[in-house]
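So the protein lines, in turn, are chains A and B. Position in the first sequence (from 1) plus 959 gives the number in the working numbering. Position in the second sequence (from 1) plus 493 gives the number in the working numbering.
What the hints contain is simulated information worked out from the structure, not anything from laboratory work. Quantities reported herein were computed from a predicted structural model and do not represent experimental measurements. Every residue, glycine too, gets a C-beta built ideally from N, C-alpha and C. A few of these clues could be false.
[What the hints assert, rightly or not] Under 7 Å between C-beta atoms, here's a sample of chain A residues computed to sit facing chain B: (1) H1040; (2) T1114; (3) N1125; (4) L1134; (5) A1255; (6) R1262; (7) V1306; (8) G1325; (9) L1330; (10) M1331.
[Claimed, not checked] Derived CB-CB ranges, DEER-like: (11) B/R812 - A/A1234: 57 to 63 Å; (12) A/D1286 - B/N683: 30 to 36 Å; (13) B/S912 - A/L1155: 29 to 35 Å; (14) A/E991 - B/Q530: 38 to 44 Å; (15) A/A1221 - B/S554: 46 to 52 Å; (16) A/D1286 - B/D938: 47 to 53 Å; (17) B/T964 - A/R1262: 53 to 59 Å; (18) A/A1042 - B/P503: 56 to 62 Å; (19) B/S932 - A/E991: 46 to 52 Å; (20) A/G972 - B/P952: 42 to 48 Å; (21) B/D890 - A/A1299: 56 to 62 Å; (22) B/V892 - A/L1155: 51 to 57 Å.
[Unchecked claim] Okay, the calculated bits of chain B under chain A, using three or more residues with CB under 8 Å as the criterion: (23) 710-721; (24) 932-943.
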Amino acid sequence: MAATSLDRRPGTGADAVAGVVPGEVVRPSGVEEVAEVLRDTQREGRTVLAAGGRTKTGWAPPPASVDVLIDTTDLDRLVEHTAGDLVVVAEAGVRLSALQQRLRAAGQWLALDPPEPGATVGGVVSANASGPRRLRYGTVRDLLIGITVVLADGTVATAGGKVVKNVAGYDLGKLYTGAHGSLGVVVSTTWRLHPLPAARRVVVLDLADPLDAGPLALAMARSTLTPAAVEVHATTGDSAVLVVVFEAIPESVRGQADATVALLGGGHQGDDLPAEFGQRPGGDGDIVLRLAFAPAALPAVLRALPDGTVVTASACTGVAYAALAADHASLLPAIRTAVAPHDGTAVVLSAPSDLRCRLDHWGPVGNALGLMRRVKDSFDPDGRLAPGRFVGGM
Amino acid sequence: MTARLTAPTPAAGRTAALTRRLQEAVGVERVLTDPAQLRTYECDGLTNFRVTPGVVVLAESRQHVIDTVRLCAEAGVPFVARGSGTGLSGGALPVSEGVLLVLSRLRAIGPVDPDNARVVVEPGVINLWVTRDASPHNLAYAPDPSSQQVCTIGGNVAENAGGAHCLKYGFTVNHVVGAEVVLPDGSVVNLGGTAPEHPGYDLLGTFIGSEGTLGVATSLTLRLVQAPEAVQTMLVGFRSVEDAAGTVSDIIAAGILPAAIEMMDALAIEAAEAAVHCGYPAGAVAVLVIELDGPEVEVDAQFAQVEQIAMARSAFETRIAQTDAERALMWKGRKSAFAAVGRISPAYFVQDGVIPRTQLPQVLTEIGRMAAAVGLRVANVFHAGDGNLHPLVLYDDAVDGQAHDAEELASEILELCVSLGGSITGEHGVGAEKRMKMSVQFTADDLDTMQRVRCAFDPDGIANPGKIFPTPRLCGERPGPRTGEHPIQAAGLGEVF
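Make the full structure from the sequences, and use the hints.
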């Protein structure tokens, strides 16, 4: 490589990505250094993987190879925050928590609440991470208004812009969201912000039967109430807790919480969120799945899981996270078959290391896989970026 | 006398052969070749760009679309998809010697699935029909472009259409969860679905807003939203544009997210008044139409707050719609503004630029200065909440050179938007009209990167060519030096000597 001040060191076991130790770890301090790494590795034919807070490296299958891991955490400039425009530009390595802290001073926030502590905004985009408030605010695709990426050949490209309303050109932000670094390295992100709500009210209802969560969530969805989140914490075959969160002006959250208790036929109110709110279920020994499905199919999804599975569902949106016990690994194909009629899919987010390579991480992808391959080939013709991490072994 | 034969161009020959195959595939009655009929499709809502298509196909089924695209691919003939033709950037401008694929007869609208808040529609379904069918379930389709009584969902998807209420609810891309798409090679893919997420790239999000350059949607799954408990609409008159713009900023700064904040300046008000007698406050230099929706208690409290904010900015008249009819009248003035300008000017250009909202007062002042410098008038109508300007540049086409001056002015306004960190289009699309402006907003590398997407979907460049990009790109070219095998070699299809 060319002489440079680039921060670089040999990879160690602590740098392993889903069990694969990178040959080298580089930590660029700016976009031009990222471009230089990509140009150099292209010339040398070396594979590259970008990582930020490394909180979701298990969300994609183990890479086939990582010659160079690009640590993006030094790309940590908050480039611009125009409070009056409700827009912020942050480099990819900015921690979401640090960003929220800065925005809070202006009474604003980026309306994304994935629970992984230490996550960077670049990682949140690349893994398409979301939390319970997606019900009210949507996900990365709804809030990301501009993006800068470095392509496999070192080209620096920007799409979108700094205004919320913008239809000039293709929206590459959508393409990079959830692409797990397979199309390029995200180096900067521009976001639409929201005002911080003034007040919160929470309704918690214990359910003896987890399947009751389905009709109750549906009743919420069909009402004119505007919760920020409706979350179900369930243990299948056992019991569940329904948590409804309102975040708005004080008079609104109080009135809506009262109306919710009436609609649900019970529940107790408070100002604080339960400790488990927004957390993904499961531990190191579990297979954690992200299930997505037609929103009204929650009961069918709960029934598809073996008894004793801990589930957290964003109930009205059609997304749930399930911690499947490791000894239930063989049930994964049957779970996928059971949710398929509801346009359901199950993606593995994490699994014990001995199981990881045996599981079909992504599951069926549908008839657009060939088109996805053409997109990959168009952006990364040599297959150097995060090889083996994406659908279809890309 | 000898007959003078004109040798047909190779392209014309291809189109003639294709026409015969199209007639066999979709039926003679659905293939238009008569020059007079073809001319009725020569433009969309951008009437100063006109091209007569080589042939028009009036598709009536999904299979007609697939057959047409497949035959175009086989013949190497470009195609352009079109709905109602209300687009304002020439996105549905035909290609001479190409096929214009009209989708407005694909009008099936599926039963509303109220529990999943979804409905599946064909691309020719009119935007307003969706909310009409959803409203018995207390649901609505949120994107509401001003042309919603005539524009189609397919066209909305192509342009990622917005509307007055996208400030709060987002754009078409936020409300379409699935699509069946015929790719430019005639193959069919399903992007997205009923569920909110699927493994793999978000090709649906990429497809929406691609202006017909990546394929043709034959079916769309739309997300419906719950109708709000309460809606309140207010019309506020100001004596200065600065006060109106300041009110918008203050509302946002107060942490209020209205469903819509629309602004019109004196000239736009005059036009709307002449056309639809909407009764806007007399003597207003600017008006705002502000709508709040949501839970009643929230709307009531924030509505009162908005009223105070406007008063603090010297609003001289505030009217609150007491009935649906009054609300409709407030909106009628705004939604008819484009057409209304025809009452006060022989001709006009509609522009669509975006600026950061905080730049609003400066930009309006600057537009006024630029217009005065060339002796033209500009009426401003805009989605103030999200900084989306629609300057209407008025001119007299009977006066020599004025059309040119107006076009120049419209162009300069866009460059002003970009220089302030904005965009050349907020909702009308780039189309044929603004493709040369893309290089003002984006670098050559940015555009080349977008073209990589194009090459993955449409390597032969036959889907709506000549739109969005200032220059075409041959797929397979890789800019800059490369060391690996050429893709053609890698595929075992050729050798490089």
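Hints that the structure is at odds with (numbers, increasing): 1, 6, 11, 14, 19
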